[in-house]
Each structure stands twice: as C-alpha cells, then as structure tokens.
Amino acid sequence: MLTLLHWAALSPFIAAVLIPFLYKYLKRIHTGWFVLILPLVLFVYFLSFIPRTSSGEVILNNLNWVPSLGINFDIYLDGLSLLFALLITGIGALVVLYSIYYLSKRKEKLNNFYVYLLMFMGAMLGVILSDNLIVIYVFWEVTSIASSLLISYWYTREKSIYGAQKSMFITVFGGLSMLGGFSLLYVIAGTFSIRELIANADMIMASSLFIPAMILVLLGAFTKSAQFPFHIWLPDAMEAPTPVSAYLHSATMVKAGIYLVARLTGVFGGVPEWFWIITTVGLVTLIWGSVSAVRQKDLKGILAYSTVSQLGMIMSLLGTGSAAFYFQNGDNALYMTAILAAVFHLINHATFKGSLFMAAGIIDHETGTRDIRKLGGLMTVMPITATISLIGLASMAGLPPFNGFLSKELFLTGMLNVTEYGIFNLETLGIIIPVIAWIASVFTFLYCILMFTRTFMGDLNLSKLKVKHVHEAPVGMLISPIILAALVIVFGLFPNLLAYSIIEPAMAAIAPGIISPGEVFDVHISHWHGFTPELFMTIGIIILGVLLFITFKKWENSAFYRGERDIFNSVYDSGYNGLIAGSKWITRIQMTGRLRDYFIYMSIFIIFILAYTMYHYNLPAIQSLDLSPVPIYMWLILLVFVGSVVIIPFINNRIALIIATSVSGFIVALLFVLFRAPDLALTQLLIESVSVILFMLVFYHLPKLKKVKTPPKMKIVKLIVSIGFGLMITLGSLSAFSMGQDTDFSSISEYYTENSKEEAGGYNIVNVILVDFRGMDTMLEILVVSMAVLTVVSLIKLRFKGSEDI
Amino acid sequence: MFDTVLIVALSALSIALLLLFIRVVKGPSTQDRILALDAIGVLLVGFIGIIMILQDTSVFSDIVLVLTILGFVGTLSLSKFLERGVVIEHDD
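In order, the protein sequence lines correspond to chains B and V. Residue 653 in the working numbering sits at position 653 of the first sequence, with consecutive numbering throughout. Residue 63 in the working numbering sits at position 63 of the second sequence, with consecutive numbering throughout.
By construction, these hints were calculated from the structure, which means they are not laboratory data. The structure displayed is predicted, hence computed values, not measured ones. Where hints are given, some of them may not hold.
Calculated lysine-lysine pairs in the DSSO-like style (CA-CA distance at most 27 angstroms, straight line) [unchecked claim]:
1) V:Lys80 x B:Lys374
2) B:Lys718 x B:Lys797
3) B:Lys374 x B:Lys553
4) B:Lys797 x V:Lys80
5) B:Lys715 x B:Lys704
6) V:Lys26 x B:Lys706
7) V:Lys26 x B:Lys715
8) B:Lys706 x V:Lys80
9) B:Lys554 x B:Lys374
10) B:Lys709 x B:Lys797
11) V:Lys26 x B:Lys704
12) B:Lys584 x B:Lys704
13) B:Lys718 x B:Lys757
14) V:Lys80 x V:Lys26
15) V:Lys26 x B:Lys709
16) B:Lys374 x B:Lys297
17) B:Lys584 x B:Lys374
18) B:Lys718 x B:Lys704
19) B:Lys706 x B:Lys718
20) B:Lys297 x B:Lys554
21) B:Lys297 x B:Lys553
Derived Cβ-Cβ restraints for the label pairs, each shown as a range [unchecked claim]:
22) B:Ile716 x V:Lys26: 27 to 37 angstroms
23) V:Asp3 x B:Ala677: 19 to 29 angstroms
24) B:Gly775 x V:Val64: 51 to 61 angstroms
A few chain B residues that face chain V, going by a derived Cβ cut-off under 7 angstroms, partial list only [unchecked claim]:
25) Phe21
26) Ile632
27) Leu636
28) Phe641
29) Val642
30) Ile655
31) Val663
32) Leu682
33) Leu685
34) Val692
Glycine is no exception: its CB is placed at the ideal position from the N, C-alpha and C atoms.
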C-alpha cells in the first residue's frame with residue numbers, strides 16, 4: 001500500500017512533472033519559488049520522525065512492485081536513512097533558495113534545471129529510503145542520469161559535455177557492477193531485502209560468492225563516492241552550475257556510496273577484506289585528494305578535490321569501524337568511535353562544504369572568475385562572503401571551535417584506535433594508518449589556508465577581472481550559506497544537540513546487532529579531552545601546515561604545483577580513445593565490405609561446427625550403407641554431370657557457362673527420371689529452360705567477365721574452404737543416411753501410399769501431398785513466387801533517380 | 001535378353017552423351033556448343049524412352065513431349081541471341 005512515506009519519496013518526481021507548466025504559464029515569478037516549497041515541506045516532515053527513530057524505532061512500509069521477483073518498493077526508515085533524508089531535503093531547500101538568486105530568470109532555462117534537480121532529489125530519497133536492493137539500484141541510476149543532465153546544463157559548452165559524459169561512464173560502470181553484486185547477494189541469500197540480508201549475514205559470509213559480491217558492490221560505492229582511482233569524474237563535474245555542485249557533488253550524491261557502504265556494513269562487515277579494502281581505498285583517496293587540492297587554481301577545483309579527500313576520510317572511518325563486527329561485543333568505544341566520527345563528519349562536511357561551494361559561486365558571480373591567480377583582496381569588498389568562507393575553511397581545516405575540529409579529533413582518535421585492535425595483521429601495518437591520516441590532514445590545512453589567503457587577502461587586482469565594479473552579493477544569495485555557516489558554528493559549539501537525536505540512531509543503523517536492544521552507543525563529543533595524542537597531532541597539523549604555507553613561495557614554481565591535471569585523467573582519456581580506436585580497428589579488419597570475405601567466414605564456421613560435431617560424436621559413421629547396384633550407363637551419366645560442374649570455374653565465355661550449367665540441369669532431370677520422379681523431372685526441365693532464357697534476356701546488361709588476379713595465398717584459402725565445405729556436407733549426408741538406416745524408424749511415406757486414394761481421391765501421390773496432405777507449404781511457396789514476381793516488377797518499374805533516400 | 005539389349009542401348013547413349021559433353025566443353029565456337037546442347041536434349045528423349053520400356057511405365061511420356069518443346073525453345077533463344085544480340089525485341 002502506498003503510504004505517506006512512499007509519497008514523500010515520489011513527490012519530487014510528481015513535482016517535476018508540474019515544473020514545465022509553472023515555468024511556461026507563470027513567467028513572472030522565478031520557478032524556483034514553487035520548487036522551494038517541496039523540500040521545505042519534506043524537511044519538516046522528516047524532522048517529525050526524529051523522536052521515533054531516536055527511541056530506536058524503525059519504520060517499515062511495504063509496497064509490492066514485482067513480488068514474483070522479490071522486488072518491492074519497501075520503505076525502511078531508521079536513523080541512517082533519516083540522517084540522509086534530512087541532509088537531502090534540508091540542503092536541497094537551501095540550494096533551491098540559493099539557485100533562485102544564482103540563476104537568472106531571463107537568461108536560463110529554469111524549467112530544465114528544476115526538473116533535473118527534482119528528479120535528482122526524488123531519486124536520492126528513493127536510494128536512502130528503500131529496503132530493496134533492486135529499488136536502490138533503480139534510483140541509483142536515476143541519480144546518475146540526473147547528475148549528468150545537471151552537469152551538462154550548459155550543454156553548448158564542450159567541457160560540460162565532457163564532464164557529464166565522464167561522470168556518466170564512471171558512475172554507470174559502477175552502478176552496473178553494483179547490480180551484479182546485488183544479484184550475487186540474491187543468489188546467496190535468496191532475497192533483495194537489506195534487513196533480511198543482515199539477518200542472514202552468517203550464511204552470506206560462509207558463501208564462496210561472498211568476495212565477488214563484496215567487490216562488485218564496493219565498485220558501485222567507490223565510483224559514486226569518487227573514491228580513488230574513480231575520483232576523476234568529480235573535478236570535471238565542476239562544470240555544472242554552482243548550486244548543483246554544492247548539492248550533488250558535495251552534500252548528497254557523492255555520499256550515496258558512503259550510504260551504501262554504511263548500510264551494508266551489517267552484511268559484509270567483520271571480515272578482513274572489507275576492512276582492508278575500504279580503509280585502504282579511503283586513506284589513499286584522502287591523501288590523494290588533499291595533495292591534489294593543493295595544486296588546484298580554480299576555486300571549485302580545490303573544493304572538488306577537497307570533497308574527494310573528505311569522502312575518503314569518511315570511507316576510511318567506515319572501514320576501520322567495521323572491525324566492531326569482528327568483535328561483536330568487545331570494547332565498543334574502541335571501534336565505534338570510528339563510526340561515530342564517520343557519521344558526525346558526514347553531517348559536518350555537508351554543512352561546511354555546501355557553504356563553501358555557495359561562497360565560491362558568489363565570488364564567481366560577482367567577479368566573473370574562479371581562478372585564484374586572478375582573485376585577491378576581496379575581504380573588504382565582500383565581507384560577508386569572506387566570513388562565511390573563513391568559517392567553512394576553518395571548519396574544514398579542523399580548527400576549534402567549529403564542528404570540523406570535533407570530527408577531526410574523533411577521526412584521529414578512531415585512526416589511533418586502529419593500532420590497538422590487534423587483528424587483521426594490524427600489529428605491523430596498523431601504525432601506517434594514523435600516519436597517513438595525519439599527513440593528509442596537514443595538506444588539508446594547507447589548501448584551506450591557501451584558498452582563503454589567495455581569494456580574500458592581498459590586493460584586489462581589478463585589471464585581471466572582467467567585472468569592473470565588484471561588490472557584495474545580494475541578500476538572497478547569502479541566506480543559504482549564512483544558514484549553513486551558522487550550523488557549522490552551532491554544531492561546533494553544541495555538538496550534543498545532534499548526539500542522541502541523530503548520530504546515535506544512525507550508528508545503531510550502521511552497526512546492527514552490536515549492542516543488545518535497549519542499550520545505546522556512547523556518544524560523547526567534547527572539545528577538550530585533556531592532553532591526548534590527538535591534541536598533539538592537531539597542534540602538529542597546524543604548525544606544519546603554517547610552515548608549509550609560509551614557505552609556499554618556494555613550491556609555487558615547482559612542476560608539482562603547476563601540473564594540476566590528475567594523472568588518472570590521462571589514463572581515462574587514453575583508455576577512452578584507445579577503446580574507440582581499438583573497436584574501429586577490429587571492425588575494419590573483419591568488416592571488409594566484400595561478400596567474398598563474409599562467405600569465407602560463414603563457410604569456415606560451418607566447416608568447424610560440422611567437423612567438431614562429427615569428432616565429438618565419433619563420426620563419420622559410414623557403415624552399413626545399403627546401396628543398390630549402379631549400372632554402367634549410370635556411371636557415365638554421373639561422369640558427365642561431375643564434369644559439367646567441375647568445368648564451370650574454368651570457363652571464360654559466358655554463353656559457354658550458361659550451356660554448361662544447362663547441361664548439368666538436363667542431367668539432373670535425367671537422374672530424376674532414372675529415380676522414377678516424373679513430376680520432379682518435369683518441373684526441373686521447365687525451370688532449367690526458363691533459367692536459360694532468363695540468362696539470355698539479362699545477358700546484354702551483364703558486365704564482361706573479368707579475370708581477377710587473386711594472390712596465391714587467397715587461392716589456397718578459397719580452395720581449402722570449398723573442398724572442406726564439400727567434404728563436410730558429403731560426410732554429413734552420408735552419416736545421416738547410414739545412421740538413419742541403423743535406427744528402426746519406419747518411413748511416413750507408407751501412410752501416403754496407402755491413403756492417397758482413400759483419403760484424398762488421387763493416384764498421383766506427389767500431387768496429393770503437395771495440395772492435400774501438406775497444402776500449407778504449397779500455399780506459402782506460391783506466395784514466395786508471387787513476391788518474387790512483384791519484386792522483379794518493382795525493381796524494373798520503380799527506379800531510384802539517385803537523389804531519393806532509400 | 002531384352003533387358004540386356006536395353007542396357008546396351010542405354011550405355012551407348014551414355015557414351016554419346018559423354019562425347020557431346022566433350023563438344024560442349026571444347027567448342028571451339030559457341031554455335032558448336034549450342035548444337036551439342038540441342039543434341040543432348042534430343043538424346044535425352046531417346047534415353048527416357050528406353051527407360052520407360054525398362055521400367056515398364058508410361059508416366060514419362062509427357063516429359064518426352066515437354067523436353068522436345070523446351071529443347072527447341074532453348075536452342076531458339078540461344079540462336080536468336082547470337083544473331084540479334086537480344087532474345088525479345090522491342091518495337092520502339
């Protein structure tokens with residue numbers, strides 16, 4: 001039954017249908033205002049679930065879709081889904097509000113924009129609310145499509161198309177592997193429902209398909225969440241309008257992979273492969289993203305790589321947190337800190353990254369450029385934007401008192417805890433994990449400082465800007481980033497607002513079955529832990545980051561800083577071009593356009609199939625050939641027949657050719673007579689004569705016979721193919737004949753001889769069979785002849801003059 | 001005895017067929033080949049006649065008739081083509 005939650009998930013699609021009408025008939029009002037209502041309503045609606053989920057309740061609403069295949073649109077709302085639903089609708093509302101001021105009513109095609117955006121919002125809600133893997137997959141692909149549409153929103157620009165295509169290829173590749181993983185899960189457990197999969201986790205773990213299913217599902221999650229090395233689509237997706245970047249490519253879509261990993265931790269968690277793959281990929285993404293972000297000169301480029309890096313951080317936390325499943329009831333605080341950090345940072349990242357993107361959009365909007373080499377000194381001109389950016393960047397860098405500081409502390413705690421696990425070979429390798437995390441944090445700190453100082457400090461150089469009169473953005477554009485920045489501060493100062501209302505239920509959803517019902521995870525977020533290693537690590541990050549920044553002038557001219565393109569882009573590009581070139585090459589070598597070649601392929605395949613079949617069944621079986629005696633004149637006739645066929649390839653004169661074929665036709669008729677088939681002989685003679693006359697009729701229009709020089713190699717190939725073909729057919733028919741004699745099937749023809757008079761009233765059995773016993777064949781053959789006649793007439797009468805399209 | 005005679009006759013006709021076929025192959029002119037083909041047609045008439053006696057049946061008699069007509073038509077079309085270049089002439 002469709003419940004209110006189902007309607008909530010589908011409402012954006014319904015609203016998307018209405019957008020074009022609103023756009024067309026209410027031109028005076030910016031379409032975004034109508035759109036804004038929906039996420040606001042949904043946000044308030046989802047807020048109303050907080051009391052229920054925080055008390056540990058889950059909501060499950062069934063709706064059958066394809067029950068015979070186990071595909072049902074079941075809504076499952078628990079802490080994790082609710083967290084994502086609030087992010088999607090909340091940030092969605094802010095982004096719509098921002099886009100109203102960002103996109104011009106007159107210049108832009110707003111109907112397209114909001115249809116795509118609502119499509120995306122609905123798909124995202126579908127992904128996070130579904131309990132069924134196939135439904136998740138369906139919505140997952142809709143997010144890919146909507147994302148590509150939004151990236152290519154300015155579809156006349158080449159870079160937008162390139163970015164959209166690339167993101168489409170990569171995410172759809174991941175989506176398809178994910179579908180494969182889901183199918184394997186279905187094969188193992190017989191269900192698509194996540195709850196039932198988690199309940200059967202032991203059975204899944206014992207299966208031999210466990211690892212393939214896990215890797216395929218992870219491919220989907222990694223491509224969507226821009227994990228190394230699939231992160232390359234995200235920086236190119238920055239060609240989208242800034243509201244889209246803020247919404248899709250920082251707060252929501254790229255977290256779909258995170259959601260999937262978090263959701264399926266209950267199914268896959270607890271094995272070393274899951275732990276190592278996710279942790280390693282996350283950490284590599286973290287450090288690669290933060291190092292690459294330093295090299296970027298474009299504001300959105302920096303933010304894109306920083307998103308990549310932060311997503312890697314959340315991913316690695318989910319990986320290390322999965323160890324909780326290994327211990328089940330061990331020291332929860334030790335392992336669950338990582339999951340706590342992941343959930344908390346997920347929220348924090350959405351808030352500060354959203355505001356940073358919006359600030360970058362404002363700068364772009366007001367100055368006409370996003371290049372940090374051209375920008376500078378905007379602090380006095382745009383004080384509010386500068387403040388918002390400062391808050392966001394400080395939070396991202398992990399400075400107190402903002403929320404990024406808290407989650408970074410928790411992150412470092414979680415990574416340090418890994419060294420104490422004592423499982424999965426961690427005793428030896430474990431120490432690398434916090435070290436990598438720490439180095440990556442230094443780079444994070446560095447690009448945050450760089451981004452702020454290059455944009456807002458220094459001198460304002462108007463000559464480099466296209467816009468001559470730079471000023472602060474309109475109020476409407478500033479509302480959304482101000483709200484997000486305010487949230488950064490609020491969550492930073494009062495983190496416990498979220499602790500048991502949102503974070504704890506989400507943790508319980510990620511790690512089902514770790515604690516007994518009724519218990520809660522300990523969520524304790526505070527600014528001051530005492531003099532712990534994390535504190536010294538943070539101090540170290542700040543000192544080293546500042547040192548790197550001070551000496552940055554020296555790095556600036558290095559090749560490292562100049563080359564901003566990711567090396568994996570060239571891998572992707574050359575792979576893409578190579579694929580096209582390779583396909584062309586393969587097509588070119590076999591699709592020659594010459595009928596002769598295609599005949600050779602076909603013949604070779606037929607020869608091989610027949611030869612293999614005969615070899616496989618111990619054929620040719622030419623025993624017990626019960627042959628009648630052949631009189632001497634028959635040998636002579638056959639000699640003439642074979643001679644007339646063999647001579648044909650050697651004749652150079654076309655009339656002689658016709659005569660030779662005519663001779664073989666006459667002899668076939670003679671053979672029919674000898675084998676007592678008068679009707680066949682008659683027909684054969686008639687057809688033979690008609691063919692001769694037809695040949696003579698078209699003779700005049702036929703081209704001259706040409707002697708084509710064939711290379712000797714080709715001649716040998718042709719010879720082998722034709723001899724092999726003849727041999728195989730002969731052997732095949734002989735085998736069929738002798739095998740037919742071995743079996744004791746009686747022929748059906750006795751029935752015809754007995755019944756042709758009684759049943760059909762005719763003595764000529766052949767004719768009776770043709771028109772009576774099996775008249776259907778005759779009818780259709782008449783049809784064939786009539787079609788041939790009509791075709792000939794149309795070919796002759798209706799000639800194309802050359803200009804028509806066929 | 002009678003059957004032996006018939007078989008001998010058939011064998012003789014087969015040898016004739018073989019010789020005619022050699023003429024078809026060798027030529028040298030197209031007219032030679034056409035004549036050889038025409039002769040093969042006539043030869044087949046005899047062949048079928050003997051087979052009818054041998055198999056003691058009369059079902060092939062209409063084939064003999066058709067064969068004679070078709071042999072004539074075939075030869076005619078080939079000859080006409082050789083003489084005029086076309087088989088069916090248009091009035092225009």
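Pair hint B:Lys584 and B:Lys704, alpha-carbon separation not exceeding 27 angstroms: This hinted pair is violated, its Cα atoms lying about 36 angstroms apart.
Hinted pair V:Lys80 and B:Lys374, Cα distance within 27 angstroms: violated (92 angstroms)
Given hint B:Leu685 near chain V, where the shortest CB pair must fall under 7 angstroms: Interface hint status for B:Leu685: holds (6 angstroms vs cutoff 7 angstroms).
Pair hint outcome, B:Lys718 versus B:Lys757 [Cα-Cα no greater than 27 angstroms]: Violated, because 51 angstroms separates the two Cα atoms, which is more than 27 angstroms.
Holds or violated: B:Lys706 to B:Lys718, with C-alpha atoms at most 27 angstroms apart: holds (18 angstroms)
Hinted pair B:Lys706 and V:Lys80, Cα distance within 27 angstroms: holds (25 angstroms)
Closest C-beta approach of B:Val692 to chain V relative to 7 angstroms, hint status: holds (5 angstroms)
Hinted pair B:Lys797 and V:Lys80, Cα distance within 27 angstroms: holds (26 angstroms)
Interface hint outcome for B:Leu636 [beta carbon to chain V under 7 angstroms]: holds (4 angstroms)
Given hint B:Phe641 near chain V, where the shortest CB pair must fall under 7 angstroms: Result: violated, 9 angstroms to nearest chain V Cβ.
Cut-off 7 angstroms, beta-carbon criterion: hint that B:Ile655 touches chain V: With a minimum Cβ separation of about 5 angstroms from chain V (threshold 7 angstroms), the hint on B:Ile655 holds.
27 angstroms limit on alpha-carbon distance, applied to hinted pair B:Lys709 and B:Lys797: violated (37 angstroms)
Hint violations for this structure: numbers 1, 2, 10, 12, 13, 17, 24, 25, 28, 29, all remaining hints satisfied.
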